[in-house]
Amino acid sequence: MREFMLIFRNSTNSHDNPSPEQLQERMNWLAGIAAQNKLADKGNRLSASLAKTVKPNNVVTDGPYTEIKEFISGYMIVKADSIEEAIEFAQANPVLKAGGNVEVRAILKPEEKS
Amino acid sequence: MTGTPPYQELLPHLFRLEYSKMTAVLCRHFGLKHIETAEDIVSETFLKATEVWGARGIPENPTAWLYTVAKNKTKDYLKHVSIYETQVKQALSDGETRREPDFDFTPQTIADSQLAMIFAVCNPANAAESQICLALQILCGFSVEEIADAFLSKNETIKKRLLRARANLRADNFQVEQLQEAAIKERLDTVLRTLYLLFNEGYFSKSGNHLIRKELCSEAIRLTLVLTENPLTNTTEANALLALMCFQSSRLDARANNQGETILYEQQDKNLWSKELIQQGNYYLVNACTGNEASKYHLEAGIAYWHTTPDAGNKWNHILQLYNQLILIEYSPMTALNRTFAFARVYGHAAGIKEAEKLGLHHNSHYHSLLGYLYASTDAEKAAAHYREAIHLTKSAAEKKTLMREIERLGR
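First to last, the sequence lines map onto chains P and L.
Residue numbers for the first sequence follow the numbering used here, so the first one is 1 and each next one is one higher.
Residue numbers for the second sequence follow the numbering used here, so the first one is 1001 and each next one is one higher.
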């Protein structure tokens, strides 16, 4: 069993007035993972408006890059036996229906390098 | 009328009711280190009641009689200690030994002492099981035999648990004389959890003794009421817990038949649900919702509230949403299974089966009885197989019987 971070990307702001049905669908998905005792950290949603990118030479640009598709809207951490299982969790996430995608990344242990 | 003399019927009842109150008051007087002295005095008081009431009949006000005797015995004890200390030890510096007990068994003293004892007994150092045993003995006046019956354990096991927990209690140095606000803050969580577990032990106990189970539930309610009656402990969480207990208890008479078998929620005679307790539950739930807090007791009380309402409208959707929040606060296999049941009620049995099978709780009898229930309407063979596995896994005789009945209902 190891931990994987799921990173959610959207091209529209999913936190802007979701319908009760959408909210419940998300909640059902999250609680379904928790019910398997495989939720390590329910993570956080990330703001679409209060967002900047800091670059070298004192350059600060506006985010989020709504004009660039696929900004990060949130993240969470699951426990899974394999990356395949983590992918299965991600595949059931409602963000996919709204044109978003989910990045699945194993969290490295101290001795791991890649 | 032949049979037992009236005092023998009254005494166990009074014992249960007054033992913990008198011990609490005396303990507050002597300090926790001398809890045995307090208990001895109370036991001797009841012994005397047996003798005197047997010979002369029950006094007009039995409770007042007990309080007077207990106070006199305390006086005698203090005199004895004082003589010992002045004449035998001859080491009394200021001669200030108390000869007169400076307390009375007034309702206020009893309430304050009981609250202090609840906090003293609920020590985070104790394991949950010993904690409940200790609470049952000291706060509820249960005998070792009764505790063993409630836990389906041997007397020896209970005695051992109590011995360890009592050693912790004496060593703890908790101030019962004046309950400090800091101590309340520090321990309130443990107190609520202990009362919650105490209630559950009664409500979900494997013991077939229905009477004992009901007493556990009503004792848990009585102690939680003590919390809500003091401004320092009358928190929204305490109110939520009390609401939960009231809602659950409202079904106590409906959920067991005369043979002590469990009757499932859906097959219960709703006329047997206690309307008074449901109303009490509503009252405390409203009190609980005065802040922004949503503790696990709030969520469970909310679920229990919906269970007291008729099967209509969005009921199961509300229940599912509360279970969704609850499982995010705290995972437990039982919460996961209950959530899945609610999920199936909202989205249908087929979707429920998919969700249930992901849980993979193969060694849990409730997992198999849930799957048995979900398969019952579509695949009787699979349903029966799950029910049989559940019968194999459960230790509860009442549950085995209930499951056998379900298999019969499948027509196999």
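The hints are simulated quantities; they were obtained by calculation from the structure and are not laboratory data.
Note that beta-carbon positions come from the ideal geometry of N, C-alpha and C, so glycine has one too.
Errors might be hidden in some of the hints.
To be verified - Cross-link-like lysine-lysine pairs, in silico, BS3-like; alpha carbons within 30 angstroms at most:
no. : chain 1 : residue 1 : chain 2 : residue 2
1   : L       : Lys1275   : P       : Lys42
2   : L       : Lys1033   : P       : Lys97
3   : L       : Lys1033   : L       : Lys1275
4   : P       : Lys97     : L       : Lys1185
5   : L       : Lys1033   : P       : Lys42
6   : P       : Lys109    : L       : Lys1358
What the hints assert, rightly or not - One side of the interface only, derived from the structure: several residues of chain P facing chain L at Cβ under 10 angstroms:
no. : residue
7   : Gln22
8   : Gln24
9   : Ala31
10  : Gly32
11  : Ala35
12  : Leu39
13  : Lys42
14  : Leu46
15  : Ser49
16  : Leu50
17  : Ala51
18  : Ser82
Verification of the supplied hints:
no.	hint	in the structure
1	L:Lys1275 to P:Lys42	violated (39 angstroms)
2	L:Lys1033 to P:Lys97	violated (65 angstroms)
3	L:Lys1033 to L:Lys1275	violated (44 angstroms)
4	P:Lys97 to L:Lys1185	violated (47 angstroms)
5	L:Lys1033 to P:Lys42	violated (46 angstroms)
6	P:Lys109 to L:Lys1358	holds (27 angstroms)
7	Gln22	violated (14 angstroms)
8	Gln24	holds (7 angstroms)
9	Ala31	holds (4 angstroms)
10	Gly32	holds (6 angstroms)
11	Ala35	holds (4 angstroms)
12	Leu39	holds (7 angstroms)
13	Lys42	holds (6 angstroms)
14	Leu46	violated (19 angstroms)
15	Ser49	violated (25 angstroms)
16	Leu50	violated (23 angstroms)
17	Ala51	violated (26 angstroms)
18	Ser82	violated (15 angstroms)
Checked against the numbered hints above, the structure violates hints 1, 2, 3, 4, 5, 7, 14, 15, 16, 17 and 18; every other hint is satisfied.
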